[in-house]
Amino acid sequence: MSRHIAAAAIRGSHKIVADAAEALNKAVAAKGADYKFEFPDTAFYLPHIFGMTGTKVETLGQMKDALDYAKGMLSAEPAQNEYLPYLGETLDAGQATLFAEEILLASRYVLGLEPVVEKIDGNDFTYNGFISDTILRDLGIQLVDGSMPGFAVIIGKAPTDEIAVEICRDLQQRNILTFLCGNVDGDSVTKQLLRKGVDIGWDARLVALGPETYHALYAGDWACRGALTFGGKKGGDALAVLKYNKDRIFAFAMVLGPMSDLIWSTGAGAITYGFPAICDTEVPEIRPTGVCTYEHVVSQTDHKKIVDTCIETRGLKITITKVPVPVAYGPAFEGERIRKEDTVFEFGGQKTASFEWVTTKELSEIEDGKIEVIASPETLAKIESAAPGNTVRLPMGLVIDVAGRKMNPDFEPVIERKLHDYVNCAQGVWHMGQRDVNWMRISQQAFGDGFRIKHLGDIVYVMVKNKFPAIVDKVQVKLYLDDDKVKEVQEQARAIYKARNERVASLNDESVDTFYSCLLCQSFAPNHVCVISPERLGLCGAYNWLDARAAYEIDPTGPNQPVAKGDCTDDVKGRWKGVDSYVFQNSHQTLDGFSAYSIMDAPMTSCGCFECIVALVPEANGFMIVNRGYTGMTPIGMKFSTLAGTVGGGVQAPGFGGIGKYFITSRKFLKADGGLKRVVWMPKALKEALREDLIRRSEEEGVPGFIDMICDETIAEDSEKMLEFLSEKGHPALTMDSIL
Amino acid sequence: MSEEKKEKRKASSIDPCAVDLLRYAEECNIPTAFSRSDSLKPCPIGAEGACCKICAMGPCRLKSKDGEDALKGVCGASLATVTARNIARMVAGGTAAHSDHARDVANTLLAAAEEHTKDYQIKDVEKLLAVANNFGIDTAGKTKNEVAKEVAEFVLKDFGQQKGEVSFIRTATKKRQELWREHKLVPRGVDREICEIMHRTTMGVDTDPEDILDAALRTSLADGWSGSRIGTDFSDILFGTPKPIKSEDSLGAFQKKHVNIVVHGHEPTLSEMIVVASEMPEMIDYAKSKGAEGINLVGMCCTSNEILLRHGIKSAGGFLNQELGVLTGAVEAMVVDVQCIMPAIADVVKGFHTKLVTTSPKGRIPGAEHIEFDELHALDVAKKIVRLACDNFPNRKDTRIPDYGKTMIAGFSHEYIKYMQGGRYRGSFRPLNDAIISGRIRGLAGIVGCNNPRVDQDSLHDYLVRELIANDVLVVQTGCGAHASAKSGLLRPETMDLAGPGLREVCEAIGIPPVLHMGSCVDNSRILTVLTAVAQEGGLGDDISDIPVVGIAPEWMSEKALAIAFYAVASGLYVIFGVESPIAASPTVQKIMSEGWEKKVGGKLEFIPGKEDILAATLAHIDKKREALKLRKYEKGKFGVEKVLLSMADRRKLEEAAHAHKGVGGV
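Chains as they are written, first to last, in our numbering: chain A, 1 to 740; chain B, 1 to 667.
If you're looking for bench data, these hints aren't it; they were derived computationally from the structure. The C-beta atom is built at its ideal place from N, Cα and C for all residues, glycine as well. Hints should not be assumed to be uniformly reliable.
For the chain A half of the interface with chain B, some residues (derived, Cβ under 7 Å), not all of them [claimed, not checked]:
hint	residue
1	85
2	242
3	282
4	289
5	320
6	322
Simulated pairs of lysine-lysine, DSS-like, Cα-Cα distance not exceeding 25 Å [what the hints assert, rightly or not]:
hint	chain 1	residue 1	chain 2	residue 2
7	A	234	B	418
8	A	382	A	351
9	B	638	A	71
10	A	26	A	36
11	A	305	B	638
12	B	123	A	71
13	B	175	B	599
14	A	305	B	418
Turn these sequences into a full structure, and let the hints guide you.
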């Protein structure tokens, strides 16, 4: 930290602390000191302040106290000569800045100024503002499985719009989630992207937080909660929270354009998190390492190299599969939509016959890498006629033949389910659904860039070969485009789909002797262990037993390992000697084991990316279930985000647990605690999503019509009303044995 | 040095203020330590450790041209026995000095905790709690005075304890503690070890040189890991833990129109009160009533370091400046307590108006005025002394205050060194360890200890500091070594321009000089604390003996320096002493203290007279340790680390990998 940086940062801190005080005074004047405030959808108060101090700031008055604390971290600017040391003082000033920015933004929320809405090129553009707990958890699995290996915070504006687009595309292609904030004389990367028609949003992995430098704090708030939710770190254990970020959250700041005191100061705060700053201007560098893993401040004036420099400086390894298609490819393009009028080719979607099917062949039957477009001359002529403004609708039979010595028909659906992601990652190509209800579009833009139907085959070929190298030795792809042929092969596929359904239904925990672990989340939650059995999928919903088995075959030393069940010690609670000893070892001796079928006695732990939370409702003698994405109140008086705070981080909390959505309709669902019949409340949307299975399962449980006895938020959000409803409906839980 | 050169040598200094005043002394024919050292040669037998005078059958002079075994004492004692006994007794003397100083500070803490005095309070609660935590003292729900009382009583036991281990041993690395226990080097009690050395080395007891030297190591550990540590930590609790502060160090620190009071010696208890008294409006008014513009308090020697680090009180330099200060004619009172006070001052003041005031019941000097200090009436005593100085102002005659002043940044406590590497939340030793691993910093050196008129004042300190920082070695200093660098302006951040390119980058990142002033000679304990933290941070082995670090006392003279050397060696350091070797007579003893100790405790003590040789040995040792750690070979201007880029699979394994030896970015 040169003296120059220290002086600027410390100046910046004094200024922002004063600004925060002013904004807070305005908020207090408007609402009073007792006014309660929380950021939208978070259980962590003012997350950064909570993370550092453990203080639960809930009112404007408490913000004043927190700001006073921040003032205690300010020191004088270092002298020109014969100065006192400044690094520790500057980092403290950086922390004071983060405190002040958080209070400033909270005050702005109170005053109705956040998220910022700005007129950009005649349209109202709404910035993201605060990042909710829900989004943090939604992204959970991507944070750990490598599909989102890093995070960039871009502050400022690129020299030209083109460079802004290039840098963001580069980040997108490397799967990095990018936050945008700050401005240079009112212009910013956000505006540059909008001018160039680049999609901004979570799906595109480009999130505009706000137009000012201090909006970067939203990203810091997000990182801080990573440590609290996934890392199981406690608010107030500042060192643990910050070191967790240094070691596990691979974020960095990219500063485009001139530096300001506030940027230096915010950067100093970021450095305490282990996040370095890479600037596109000539700045004094800080190359010695130690607070960050590698350099702290680096200058890279060549915009073609800046993304590489960022990634290296943060110590990030990103492997990207190069897909030979003429459009950009990466998860950042997964969520992009293609409107009907922008479509050149369209397949399926109930308008034409369409299906996709992965099928196992003998090695000798496959010519590796062969992509065949099978179409009659008439169809080909129709394809030729495709042009902007003229959407061509075609049937599509996407058949992927795979072969490999370790290939097993059980892996076919595992690969098949991935087709959705693979196809969607191409910019200008859109995919939805699966099996014989799939639907694809290719955009005019992609077509203009040279994307043709055959390229769908190229994508599938390259991705399947790359992602399943241990089980797939050869792949060939057939694209049937004639209606009669599509319908003919579709029938064969349907017979297989049916057989697979029966196979899955026949799998149960008793019929196998091996479960699989999932330690994927240990990069974030070091002591958490998932054990996946045929009847209990991973809590994130992303891995069932077959997936985990395939993953093990693909990478025998990877995060999914076989767990020999061993002797069953309790078949009601679901405990096995082998599972317990595996859990003991892999939770780093923090857990003696757990019960697969109980949430009351030694339940399975959670990392933080659970789809749903099950929670005890003692007065109803049952459980409620709330899914991620439901932001309303629940009958136990806690929102999902608050509840989630008590469940994550690899800690056992009897009465609470994270689960995958489909576990609810498993026969083993809380079997030891009374099973499905104990469920007294769940959000309506969740109930609807599981409707068919719930009806089937309640009939099996001998309670037909049970689904209508489950309360939801349209009936009651509070305990009293819910109980009224349950007694009115004669809910079985009320008369079951006491759960406690 | 050849005989011929020795004849011609005239003791001098590289400090221009000292040179000016020495010229004046010569003109006026005032003897000083400098001139006396020219006329009084060291006793050639005693200097090399070959004189035994512990009984009346001798003294026996065992020096022979025919080798070590040629002569025996009347009792039959070998030269090795005699040399070992002599140095062991010196170590006991040094340990006694530091520890008795500590005893007074500990008693003051107890008096403050029990509220027997209003003059002292617990100033640094954070440090108090940290020290209490070392000993597992439960602090919950207790007042600071209650905690302080427990801490003081817990530690006061160290002095008279007969069995067990002294308190701070437990704060060393695990490995070191085990090593000490294995070799029976853990001190049982401070007084017991010192007493035992005196017994062991009296006529007709221990004659095995290795056994005697082991006992001396154990005794020295009672200094480094008890006495000195108490001195440092308890002073911090009472008077505040130092953090960087700007001040000046020069014989030019005296002010022409102010009452100049020098506090000289070692203990902070009285000097802290004199700081308070000298700033009291009533005292300043009193000074004005005597015709002065105010009161100018100036420190000297290690008393200076204590009040410099905590209050920024200006310094007039170290040990060899004490007579020279009087020569300025500007000192109204020279107030002394214990250690390194030259009796010569009583003679020097005779020609000036300066009053010499002794204050310690342990240290009286014929001819001095004695105003006895006691901690229960500390401020009253301090005020009395300040008044005495003011009363003396009208007696001042001509003054000759040199006009060379240098600023410095001092105050690098172990706590601040940790803080400066990451602030309140992320403070650690990771950046320092990273810098050593990456080769930005080649290694560490502590250049400490005294001045000795047998070499030009400060010349070896200055040479070594400049050379080592140019070679990317980060230097820490205490005691008179720190005064030497302060006076030549090396303790300013601008000195980074003289540092090698790697060290410079680190200095620039943190905003520090490449030479860190860590305090008084008692505060060498801070160096042990820092090195322990470096070892525990990971990446540089797991004990002090693994770290590329050297301790040097190039201009030593005091028994205390030897005690420090011994405890540093016992803690795993390579220590080099310049000037004369008190073991020169016995190759056997030299071998035990170098090769033997290196095997036993991982550190060694060598006496090397030439400055170039000291430098070469320092760099060679640092490079040897780097190699043993498999760190990149040091090359000036070439540094950095091979980055380990982490994939998701690597990140999942972080938990298992999080242990020492991981190196940069590992933990």
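For each hint given before, does the structure comply? Return the numbers of the non-compliant ones in rising order. 3, 5, 6, 9 and 14
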